[in-house]
Amino acid sequence: MIEYRAAVKRFGVQTAVDAITVSIGRGEAVALLGPNGSGKTTTLKMAAGLIRPDAGDVLVGEPAFRPWEPSARRVLSYLPQRVAFPEALTGREIVEFYRRLRGIPAERSQAVLKFASLNGAGERAVGTYSGGMVQRLGLAVAMLPEADLLLLDEPTAALDPDGLRAFYALVEQRQAAGRTIFFTSHQVGDVERLADRFLVLANGRLVAELSQAALRDCLAARGTMRVRLDRDTPGLLEAIRRIAPSASRVGDEIVIAGAASLRPQVLDLVRSSGAQIRGLVAEDGRLEALYRELVARGAEHTE
Amino acid sequence: MAGESVRTLILCARQEMLLAARSRWTQLFAVVFAGLSLAVASSGYILSGGSGLQDFARTAASLVQLVLLLVPLTSLVMGVLALTPERGGAEILYAQPIARPILLLGTLIGLFEALVAAEALGFGVAGLVIFARTGSDGLAGFAMVAAGSAVLTAVFLAIAALVSVGQHGRKRVRALAIALVTWFALALLFDVAVLAAASLLRSGHASRLLISSVLVNPIDAVRTASLLAIEGTGAFGAGSLALLRFTGGPGGAALLIALSLSLWIVVPTWTAMRRLARMDIA
Amino acid sequence: MLAPVLFALFVAQGQGDMAVSASTTLEQRPAAARLSPLQPRVDAAAPGSVIDVAAGTYTGDLYIDRPVRLVGHGRPLLVGSGSGSVVLVRAADVVVEGFDIDGRAGGDLGRDSSGIHIAAPRAIIRDCRVRNSIFGIYLREANGSRVERCRIDGIPGKSPGEKGSGLHVWNTDGFELLHNEIVDVRDGIYIQSSPHGVVRGNVARDLRYGLHYMYSDDNTFEDNVFENGAAGTTLMYSRRITFRHNQFIHNRGFASVGLLFKNCDDIVAESNLIADNARGIFLEGSSRNVFRGNLIAASDIAIVLYDSTSDTRFTGNSFVGNLTPLSLSGRRTDTIFADNYWSGNESPDLDGDGRSDQPYRLSSLFDHLRGNLTAADLVSRSLAASAVAAAEQALPVLDPIPVVDASPRSHPPVLDVPTEWRNAEVRRAPIGLLASAALTLVGALPFAAGRRRRVVLSGAHA
Amino acid sequence: MRRAVVLVIAASALLSCSGAPKPVAVSDSDACAFCRMAVSDKHFAAELVAPGEEPRIYDDIGCLVSDLVQHPAPGEAVAFVADHRTGDWIAAPDAIYTRVPELSTPMGSHIIAHMSPASRDADAAARSGVPLSSTDVFGPAGPPGASRGR
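Residue numbers (the working numbering), protein chains in the order written: chain A, 1 to 303; chain B, 1 to 282; chain C, 1 to 462; chain D, 1 to 150.
Honestly, the hints are just simulated from the structure, not real lab data.
For clarity, every value in this text was computed on a predicted model and none was experimentally measured.
Check before you lean on any hint, since a few could be wrong.
Residues on chain B that point at chain C, a partial pick, calculated with CB under 10 Å [stated by the list, open to error]:
hint, residue
1, T8
2, S23
3, G35
4, Q65
5, L66
6, A118
7, A120
8, G127
9, G135
10, L241
11, G249
12, A277
13, M279
14, I281
All C-beta atoms, glycine included, are put in the ideal place defined by N, C-alpha and C.
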């Protein structure tokens, strides 16, 4: 559905996107992760036909076309990070304009306004909207066409609770219908549940590509267990370090980072030391941690 | 395919016209233009110190001055404001499966219609005053002034398009600044420079320079055509004769002025469309 | 042998000191076949008798060689033979009155073919109408003649080069042209080498020059209207002409001018109306002229002044609604402007003496430029021209040759100028009103339609 | 902007293209550069053309002569006079001149010009005239401009 072939984009001396090659298949939901300035938006805009690569190629749709050909954009719907609409027009007038522009049947306007919880505000000028409402209007415009490919740039960043609800409903509905979704985020937590696959960008380079299963493994491997004991037992930390070398004592807690599979052995050791467990917290690795790690690694590669 | 493009053009134009009709700036322009037109039309009769000279040509010539002063500036500013959308406004529009040049052209047409409507309002009001007191002799001249005003609107919207293309978001201020400099150059600096150059040249060369400059500069071209239409060949005294001799008569002059103005409309619009089609909406 | 003489002759003539002498040979009695049926009555008339002519059409030329009075009753029409002048006056003290004369566009310019051709003293032509004739009424060495209440219409569709004058006066000492109306000829009234004439109450319009003096000193003209020509009146190579209470109006062509002075000295212009001309007054090579109490209004340029003009005074005139007061060609002027009213002068009169406290500056850098470069007219009404003028107000050093009115009036003086022009009829243009109303409506429509309204969507349901 | 520059260059190119002086047509609205009268009859007209200068037009050959006395012509200037019969322009050094006392010319010089003796012979107005040489008319220096080799 989307194919980047060594796509490169430079702005002046800066390389925003550096030879990305990736393919996203039909029905996939793929998240593009990375810190600010890593090239996420540029990558997405290349797929939306807003930016042309300086080298390499970008193709969308089936059969595949270059998205800067207007007709190729029929397959896609793009929602920028922040939308803006003329303030003198009403929400309905804007939705109607885009509906007619794409030749979509008239009843869709009402449907998307309702979907975006704007049916009460449709007759009001956009100038009177709150920021969240404007963003919801953007969402309504983006969902007007039943596009095969949804390109969403930081979709959750500016949404209010009504918008988030609508957004999740939209994505799930489209996923169920077998549509492809490609979106960016640096607020990883919100979109974990949506993506099948994750691409991580750092300094314009693709530094990792993970399936949801691989991500789960990674996260599991980067879990943490903190055990608070009633007393200090000499030798216990050393014993634990033999199976989990990164273990450390932080105040009255022992913190053990590492794969979840180690945890039963660690607990056995604690018990055999005779200490009482006052508290125990075990969690999988946070996505941010993984992502920071990958970015750091990517940064090393670039140097 | 072509039919679809036309439909899109009409859609964009209608949207932009709706927008412009609701814009405070357009409304302000309409009110100011109508007010000043009315003032010019009414005061044309007390021009000569209470002696009540009824001179259609004078009144219409004052209207021309009003047009030359207000229309280019308004068209440029309105054009730049409309064509440099806020951040996020351009992206969602240009990601639609419509060629960007069509969207631009449609917007320009809509703006043109709205501004011309505002001007028509002014001319209508002025015309009611004028034609209640003078005969229909000046009708053609008056129509010519109104047409010149519309042409000038098109020219400066085209220039606005060229200045604005790609200057969305925070670059809007820059585009506005460029527009103002362009206006200042065409309305004033150009003629001053030409006059200065002409004063240093031999009479024949100076004449040809002045005449060419009057044909090349769109504001001068519209002024020349309008005043010739209103006042006839007496408009610029012997200057008219030099102009007509250079252009090979009234037909040639009309043709050259029309050519110059068409180029001013077509070339910037076309260039803006081409540049917009190729540029990155970063 | 002839050459030096000839050459000197031109040069002298160029200085305006010499009258032109030679003219064409005089037309004599036409051949019998061309003569009018009235000719036998003239031939039979005793000197001093009255010939009464009844209404009707008389075709043929009429040759009057004795002092008679020819009186038309019921406007008899004299149609010329088409090969020369229609009525030829060749005896002194002839009176012709009450006729319509048609020249049938006949004859030619070189032979002075006229409606009435007079080559004898003291003729009186009264209440005649001449049309389709190269010249209307021609006074040739006709001292003491008078033309009054006649109407001349030229030959329609001819170029000015092919037309003659309406009233043509040549080498005539003392003449009166009174209350005539002249339309569509080359020059309305042309006076050459003819002193001591009076031109009063005539109207000349839609022609080249309304009134044209050449080498004619000591003349007077007053209460005339010269309208819609290339020039209202041109005074050339003449001295001591006095004129008052005339109107020079609506002369609006390329190089049109209300009043043109070329090498004329000692002229007095008083209480005239010079309005709505491309250029009001044009002065070149003229000296010791005075303009008093005239109203110069609504011109593109009020005065065009060549530096060959000297010792000329403008006092007590009113300059109103002119786009530019003065255009000076050349490098200097000693023309004096004093006590005039200038509508463009906004300088206040704080001491209440009826004069602005500051002198009024007539010249500007731009006007100086256009004075020496005609094509600069093309940008005379541009923002640039205004800007140059404004810059100069701030920096007077920019004006190379300052010309000022030292004591400008702060209020327009009450002038004894003709006033007919002020009461131009109010006309209505229904088509214009209708078109304007439509324009207003069309212009207002988008704004009315742009007001927010409920959009009813078809098939809009949950 | 770039287009404006191109146009200005094109305009200056127009300015610089001036070869040998060519006569310009006279209109009714031209005023004589000497006597200020309208040039109403092109058959008596004359003009002075110099490279880079506005043409000076005269209603009478006498006016050209008089003006040349007051304002000598620049070196490259060429004078043209009208053929009285046809109204066509002739370079003044190539024309033949006739003084016709009976013919009134606009400023009374009574001088007319023709392209050739044949043209003069065909002109009824010239029959009673006296032939003049160009030095008779223009003085010993002759008219401005070189003969075009007839």
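Indices of hints not satisfied (ascending): 1, 3, 5, 11, 12, 13, 14
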